[in-house]
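Trainee: Residue strings, one per chain:
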Amino acid sequence: MDSKKPNGSPAQAGDAVIEVRDVCFSVSGRKIFDGLNITARQGRISAIMGPSGTGKTTLLRLITGQIHAQRGEVCVWGENVAKMTRRELFALRRRMGMLFQNGALLTDLDVYENVAFPLRAHARLPESLVRHLVLTKLHAVGLRGAARLMPAELSGGMSRRVALARAIVMDPDILIYDEPFVGLDPISMGVIVRLIKQMNEALGITSIVVSHDVKELATIAHDVFLLSGGKVVANGSPAELRGSDIPEVRQFVGGLPDGPVPFHYPAPDYYTELLEDAP
Amino acid sequence: MRVAHTDSLPITTLRKIGAVVLFLSRILANAIPAMRKPGLIVRQIYNCGARSLVIIMLAGLFVGMVLGLQGFDLLQRFGSEDALGIAAALGLLKELGPVTTALLFAGRAGTSLTSEIGLMKATDQLTAMQMMAVDPVRHVIAPRFLGGFVALPLLAGVFSAIGLFGAQLIGISLMGVDQGAFWSQTQGAVGLEDVTEGIIKSVVFGAACSLVAVYEGYHAEATAEGVGLATTRTVVTSSVLVLLLDYMLTAAFLT
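Line by line, the protein sequences are chains A and B. When the letters of the first sequence are read in order and numbered with my numbering, they come out as residues 1 to 279. When the letters of the second sequence are read in order and numbered with my numbering, they come out as residues 1001 to 1255.
Be careful, since some hints might not be right.
Stated by the list, open to error - Taking CB as the label site, the calculated pair distances span:
1. A/GLU127 x B/LEU1174: 55 to 63 Å
2. A/TYR270 x B/GLY1226: 32 to 40 Å
3. A/ARG148 x B/ARG1015: 45 to 53 Å
4. A/THR57 x B/PHE1165: 51 to 59 Å
5. B/PHE1165 x A/LEU129: 51 to 59 Å
6. A/LYS231 x B/LEU1119: 33 to 41 Å
7. B/ALA1224 x A/GLY29: 24 to 32 Å
8. B/GLY1226 x A/GLU88: 30 to 38 Å
9. A/HIS212 x B/ALA1224: 24 to 32 Å
10. A/GLU127 x B/TYR1046: 20 to 28 Å
11. B/PRO1033 x A/LEU129: 21 to 29 Å
Rather than coming from a laboratory, the hints here were simulated on the basis of the structure. Cβ coordinates follow ideal geometry from the N, Cα and C atoms, glycine included.
One chain only, chain B, in its complex shape (with noise of 0.2 Å):
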C-alpha cells in the first residue's frame, strides 16, 4: 500500500488533535492523584486566578461602562432606555463575560503556564522529575491544568459582576436611567438559565483555554526560541478556539 500524503493539512490537523485527545486522557487520569495533593492545586489557582485578577476586573469595568453607552445609545432611539439593565446583564453573562475572560485568560495565564512549563522542560526540570520516578504529568501539568480549569469561571463572574457595575454606572449615573426601573427589569428577565449558560460557556472555555496553554508548554522544543513560538501558539490557538466554541455553544442554547 502507498502511504501518501502523510504531512498533509488534513493528516497534520489529525494526528494533532489525536494528540491533545490523548495528552488530555494522561491529564485527566492524573487529575485524581493530583488533587491528593491540594496545595499544588491551590497555588496553580492563585497564580492563574488571583494573579489575573487586576486585568480582569479592569478589563470587565471598561467593557461595562462601553456597554452601558453603545446600549444606552440604541435602546432610547426605541424609547427603551429603562431595558438598559437586562441589555448589558444578558451581554455580560452569556457572552461578553465568558468570551472576553477566557481571551484575556489565554494572553495573561495562558502564556505564563505554557512558558513556565518550556522552561522547566528546556532546564531539564521534567527530565529530572522522570529520573526521580514522579510522573511530570500528574505533578506539573494536572495541578496547572485544574487550576486554569477552576480560576477561569471565577474570573468570568467578576468580570460580569465589575461589568454590570460599570453599565450601572453609565447608564443610572451619567445617562439617568431610572435605578429602580433599571435593577427590577434586569431581576425580573434574567433566568437562571441565561446564568448557566455562562457558567457552562466559561467551563468549557476554562478546560480548553488551560489544555491548550499545558500541551503547548510540555510540546515545546527546548530553546528559547521553541518556548517562545509555543507561547505564541498559546495565544492563537486558544483565542480562536474561544470563539469557534463561542459559536458552537451559543446555537446549541438556541436549538
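This is chain A alone, in the form it adopts within the complex (with noise of 0.2 Å):
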C-alpha cells in the first residue's frame, strides 16, 4: 500500500522519504555528525548500526524534529523539519510512529489506554471502536491480556511491546525504532522482529530501526547505514555489508575489540597511570 506525501500526491515504493543532506551537528563542542547522509525508502526498512556513542538516538531526535542540525537539512517527504512550524510538524508526527528505548509510557494511565492515547488526542472515534483499534493492537504484541496493568506492573520488554502496539495505533506512514530489541528475551524478540516485517510488508510502512542487533536486523533490513566517527561509512544491503572489506564494518559486524573504532574511550597510557601514585 502506497502512502501519501504531505501535498496529496501518493509515494511510490522507492521514492525518498527521509533524507538526511550533509548533516552537520555538535553538542558542546563535541562533533557528533560532520557531512552525514542517509536516504530512508518508502516501504523499505532501513537499519541504523553504529558502536555506542556515534549518535543513533540523535539522528531519530533530528529526523523526528526534536533538534535541529547546525548544517544541512532533514527533509521527510521533501519538506525540511527545521523550516517546518509547530503545527507542520506535529502534522508530520500525527503520520509517524515512535517506539522509545525506555518504552516511555505514561505512568498514570494502565496499559489499554496508554495505547488508547493517540485516538482518543486525535480522532474522535466512537468507544466501541477505540476498543476494537486497542485490542487488536494489543493483540498483535501479544499482551491482550495485560491491557488493565499498570506501566510499573510490567516487566522492561513488556513495556516496549505496549508502547510499540502505542506507535502502530494510528497506523502511521513511518515508524521509528529505537532499540526495539534491548531487553527483549528470545520468544519476544521474534515476535517483535517478525511484526517489523509484516507491518512493512502488508501495510509498506517505512521503518527506520536503531539497533545494535547485526543478526536480528540482517533478517529485516533491507538497507543499512553502519555510522562512524560521524559519518555513514558503509551502507548497502545487509549481505553487501556482511561482504564487506571496509574494516569498520568488519570491525562492527565481527565484534572485534581491535580495529578503527576504539573500544576504550580517550585516556593517558593505562600502565603509566597505574604506576602513578594515588593522590
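Dock the two chains into a complex; use the hints.
Mentor: What follows is the structure in C-alpha cells.
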C-alpha cells in the first residue's frame, strides 16, 4: 500500500521518504555528525547501526524535529523539518510512530489507555471502535491480557511491546524504532522482528530501526547504514555489508575489540597511570 | 557593541522572570482547550486538594488552638477576652488561612507536582507525547496548574474554618469565654471585605504556587539529581514568593 506525500500525491515504493543531507551537529563543541547523508525509502526497512555514542538516537531526534542540525538539512517527504511550523511538525508527527528505548509509557494510565492515548487525542471515534483498535494492536504484541495492568507492573520487555502497540495504533506511514530489541527475551524478540517485517510488507510502512543487533536486523532490513566518526562509513544491503572489506564494517559485524573504532574512551597510557602514585 | 555581564544576577533574574511569564502565557493559551477535558482537571484537584486535606485540617486545628491560647492571654490583659472570636476570625481569614495553607501546599502538593512532571520528563513521557503530536503543556501542565489554582482557595477555606473551630474550642471550652459573646462579636465584626481579602490572597497564592511547581518540573534537568533540585527549588521559591506577595497584597488592601 502506498502512503501519501504531504501534497496529496501517492508516494511510490522506493521514493525517498526521509533524506538526511550533509548534516553537521555538535553538542558542547563535540562533533556528533560531520556531513551525514542517509536516505530512507518508501516501504523499506532502513537499519541505522553503529557503536555506542555514534549519535544514532540523536539522528532520530533530528528526523523527528526534536532538535535541528547546525548545517545541512533533514527532509521528510521533501519538506525540511527544521523549517516547519509547530503545526506542520505536529501534522507530520501524526503520520509517524516512534518506539522509545525505555517505552516511555504514561505512568498514570494503564496499558489499555496508553495504547488508546493517540486515538483519543486525534480521532473522535466511538468507544467501541477505540476498544476494537486497541485490543487488535495489543493482541498483535501478545499483551491483550495485560490491558488493565499499570506500567509499573510490566517488565521492561512488556513495556516496550506496549509502546510498540501504541506506536502503531494510528497506522502511521513512518515507524521509527529506537533499540527495539534491548531487554527482550528470545520469544518476544522473534515476535517483534516478525511484527516489524509484517507491518512493512502488509502496510508498506517505511521503517527506521536503530539497533546493535546485527543478527536480527540482517533478517529484516533492506538497507543498512553503519555510522562511525559522525558519518556513514558503509551502506547497502545486509549481505553487501557482510561481504564488505571496510575495516569499520568488519570490526562491527565481527564484534572485534581492535580496529578503527576504539573500544576505550580516550585516556592516558594504562601502565603509566597505574604506576603513578595515588593522590 | 560589547555584551557584558550576561550572567550577572539582575540579567539572570530578568531572564528567569521572562521565561516564567512566557511559560504562564503558554499555560493560559492552553487552559481553555484543557478545560474541554474536565476529567483531567478534576483528577488534579483531587491530587492537590483532597490528598492535602488531612495535613491542612490538622495544621488548621493546631494553629487555631494556639491562636486561642495566645489571643486569650493578650486580650485578658485589657479585659477584652470576649473579642477573642474577632481576633481569631480576622487573623485566620485574612492572614493565617491563606498564608499557612499556601506554605503547606507548596510543601505537599507543589513538590508532588514538580517531582511528577520532572520524572515524566526524565522517562521521556513528555517527549513521547510530543512525538504523538500532543502538546504536553496542554495535556499535562495546564490541568495540573488549574487543579492547584482551584484547590488552594478551597483548602484555605477549610483551614480557616477548622482554625476557628480550634480557637473556640480553647476560648470557650478551656478558658471560659462566653459562647454568645464569642460568636456574636465575630459575626458583627467580620465583614464580606475581610472574607474577600482572604479569598483574593488564596487565589493569588494558588496561581503562584502552582505556576512555580509546574515550571520547575517542566524545566527540571532530566536526571534523579535534577528532579531533586527542582523539587527543592519549588519549596523555597514558593515559600518566599507567598510571603512577598502576602506583604504586597496586605499593603494594597490597607491603602
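Trainee: None of the hints should be skipped; say for each whether it holds.
Mentor: Here is what the structure says about each hint:
1. A/GLU127 x B/LEU1174: 55 to 63 Å: 58 Å Cβ-Cβ, so the 55 to 63 Å window holds.
2. A/TYR270 x B/GLY1226: 32 to 40 Å: holds, 34 Å
3. A/ARG148 x B/ARG1015: 45 to 53 Å: This hint holds: roughly 46 Å between Cβ atoms.
4. A/THR57 x B/PHE1165: 51 to 59 Å: With Cβ atoms ~58 Å apart, the hint holds.
5. B/PHE1165 x A/LEU129: 51 to 59 Å: At 53 Å between Cβs, range holds.
6. A/LYS231 x B/LEU1119: 33 to 41 Å: 36 Å Cβ-Cβ, so the 33 to 41 Å window holds.
7. B/ALA1224 x A/GLY29: 24 to 32 Å: holds, 26 Å
8. B/GLY1226 x A/GLU88: 30 to 38 Å: holds, 31 Å
9. A/HIS212 x B/ALA1224: 24 to 32 Å: At roughly 26 Å between Cβ atoms, B/ALA1224 and A/HIS212 fall inside 24 to 32 Å, so the hint holds.
10. A/GLU127 x B/TYR1046: 20 to 28 Å: At 23 Å between Cβs, range holds.
11. B/PRO1033 x A/LEU129: 21 to 29 Å: holds, 23 Å
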